[in-house]
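**Q** Sequences are here, hints too, so could you generate the full structure?
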Amino acid sequence: MEENNQYEVIENKSDDENYIYIGKKPSMNYVLIINSRMLNGLDEMTIKARGKSISKAVDVAEIVTNRFITDANDDNIKISTEVIDRDDGSKTKVSSIEIVISRNN
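Counting from 1, one number per residue, gives the positions in the sequence shown under the working numbering.
To be clear, the hints were calculated from the coordinates, so they are not data collected in a lab. Among the clues, some could well be false.
Subject to a maximum C-alpha distance of 20 Å in a straight line, what follows is the list of computed SDA-like cross-link-like pairs (lysine to any residue) [stated by the list, open to error]:
1) Lys52 to Val83
2) Lys78 to Ser53
3) Lys25 to Gly51
4) Lys56 to Leu32
5) Lys24 to Ser96
6) Lys48 to Asn73
7) Lys78 to Val58
8) Lys78 to Asn18
9) Lys48 to Ile97
10) Lys52 to Ile63
11) Lys52 to Val31
12) Lys52 to Val94
13) Lys48 to Leu32
14) Lys48 to Ile77
15) Lys78 to Ser96
16) Lys48 to Glu62
17) Lys24 to Leu42
18) Lys52 to Ile97
19) Lys52 to Asn73
20) Lys48 to Asp16
21) Lys25 to Ser36
22) Lys56 to Asn66
23) Lys56 to Glu98
24) Lys56 to Pro26
25) Lys24 to Arg50
26) Lys24 to Lys52
27) Lys48 to Met38
28) Lys25 to Asp43
29) Lys48 to Ser102
30) Lys24 to Lys48
31) Lys48 to Ser95
32) Lys25 to Ser102
33) Lys56 to Arg86
34) Lys48 to Val100
35) Lys56 to Tyr21
36) Lys48 to Ser27
37) Lys25 to Thr46
38) Lys52 to Ser102
Quantities reported herein were computed from a predicted structural model and do not represent experimental measurements.
**A** What follows is the structure, encoded as structure tokens:
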């Protein structure tokens, strides 16, 4: 039961179209999503990633700002550490990053 609630929270978070959560999909999938949302009128997108996905998040941000939306900035970057509960009850720390890409209008 608790696992289902956890997944529902994650699904609700991803409903906000200004956020994109980097996972296991290829980088270009995320690039195309960001590109299409920003071309359809969004002035700002936030890329979020944890752990091993951080390097992919940086790659996605660089591809978007250097190749697709060249009038966008990725100046607002926030790094942090999140404490996550494991299945065995112990806690572990995971690095996370948020990169805000905004259009220069």
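**Q** If a hint holds in the structure, say so; if it doesn't, say that too.
**A** The hints, checked one at a time:
1. Of the supplied pair hints, the one linking Lys52 and Val83 holds, its CA atoms being roughly 15 Å apart against a limit of 20 Å.
2. Distance check on the hinted pair: Lys78 and Ser53 sit about 15 Å apart at the alpha-carbon level, within 20 Å; holds.
3. Distance hint between Lys25 and Gly51 is fulfilled; the C-alpha atoms sit about 15 Å from each other, no more than 20 Å.
4. For the proposed pair Lys56 and Leu32, the alpha carbon gap of about 14 Å is at most 20 Å, so the pair holds.
5. A hinted pair counts as satisfied when its Cα atoms are at most 20 Å apart, and Lys24 with Ser96 qualifies at roughly 15 Å.
6. A hinted pair counts as satisfied when its Cα atoms are at most 20 Å apart, and Lys48 with Asn73 qualifies at roughly 16 Å.
7. With a C-alpha separation of about 12 Å, the suggested pair Lys78 and Val58 falls inside the 20 Å cut-off, and the hint holds.
8. Restraint check: the Cα-Cα separation between Lys78 and Asn18 comes to about 16 Å, which is no more than 20 Å; the hinted pair holds.
9. A distance of roughly 6 Å separates the Cα atoms of Lys48 and Ile97; the hinted pair therefore holds under the 20 Å criterion.
10. The suggested pairing of Lys52 with Ile63 holds, with an alpha-carbon distance near 18 Å, which does not exceed 20 Å.
11. Distance restraint check for Lys52 and Val31: the Cα-Cα separation of roughly 18 Å lies within the 20 Å cut-off, and the hinted pair is therefore satisfied.
12. Distance check on the hinted pair: Lys52 and Val94 sit about 9 Å apart at the alpha-carbon level, within 20 Å; holds.
13. With a C-alpha separation of about 16 Å, the suggested pairing of Lys48 with Leu32 holds against the 20 Å cut-off.
14. This hinted pair checks out: Lys48 and Ile77 have alpha carbons roughly 10 Å apart, not beyond 20 Å.
15. In summary, the hint linking Lys78 to Ser96 is supported, as the alpha carbons are separated by about 8 Å, within the 20 Å threshold.
16. Restraint check for Lys48 and Glu62: the C-alpha separation of about 14 Å stays at or below 20 Å, so the hint holds.
17. With a C-alpha separation of about 24 Å, the suggested pair Lys24 and Leu42 falls outside the 20 Å cut-off, and the hint is violated.
18. Simply put, Lys52 and Ile97 have alpha-carbon atoms about 11 Å apart, close enough for the 20 Å limit, and the pair holds.
19. Taking the CA atoms of Lys52 and Asn73, the gap is near 24 Å; set against the 20 Å cutoff, the hint is violated.
20. For the given pair, Lys48 sits about 12 Å from Asp16 by alpha-carbon distance, which is consistent with the 20 Å threshold.
21. For the hint pairing Lys25 with Ser36, the CA-to-CA distance comes to about 17 Å; that is within 20 Å, so the pair holds.
22. About 15 Å separates the Cα atoms of Lys56 and Asn66, which keeps this hinted pair within 20 Å; it holds.
23. In summary, the hint linking Lys56 to Glu98 is supported, as the alpha carbons are separated by about 12 Å, within the 20 Å threshold.
24. With a C-alpha separation of about 9 Å, the suggested pair Lys56 and Pro26 falls inside the 20 Å cut-off, and the hint holds.
25. Of the supplied pair hints, the one linking Lys24 and Arg50 holds, its CA atoms being roughly 11 Å apart against a limit of 20 Å.
26. A threshold of 20 Å between alpha carbons decides the hint, and for Lys24 with Lys52 the separation of about 10 Å falls inside it, so the pair holds.
27. Of the supplied pair hints, the one linking Lys48 and Met38 holds, its CA atoms being roughly 16 Å apart against a limit of 20 Å.
28. Simply put, Lys25 and Asp43 have alpha-carbon atoms about 24 Å apart, too far for the 20 Å limit, and the pair is violated.
29. Distance restraint check for Lys48 and Ser102: the Cα-Cα separation of roughly 14 Å lies within the 20 Å cut-off, and the hinted pair is therefore satisfied.
30. This hinted pair checks out: Lys24 and Lys48 have alpha carbons roughly 13 Å apart, not beyond 20 Å.
31. A threshold of 20 Å between alpha carbons decides the hint, and for Lys48 with Ser95 the separation of about 11 Å falls inside it, so the pair holds.
32. For the given pair, Lys25 sits about 23 Å from Ser102 by alpha-carbon distance, which is inconsistent with the 20 Å threshold.
33. Restraint check for Lys56 and Arg86: not satisfied, since their Cα atoms lie roughly 24 Å apart, outside the 20 Å limit.
34. For the given pair, Lys48 sits about 9 Å from Val100 by alpha-carbon distance, which is consistent with the 20 Å threshold.
35. Restraint check for Lys56 and Tyr21: the C-alpha separation of about 11 Å stays at or below 20 Å, so the hint holds.
36. For a cut-off of 20 Å, the pair hint linking Lys48 to Ser27 stands: about 13 Å separates their Cα positions.
37. Restraint check for Lys25 and Thr46: satisfied, since their Cα atoms lie roughly 17 Å apart, inside the 20 Å limit.
38. Restraint check for Lys52 and Ser102: not satisfied, since their Cα atoms lie roughly 24 Å apart, outside the 20 Å limit.
Checked against the numbered hints above, the structure breaks hints 17, 19, 28, 32, 33 and 38 and satisfies the rest.
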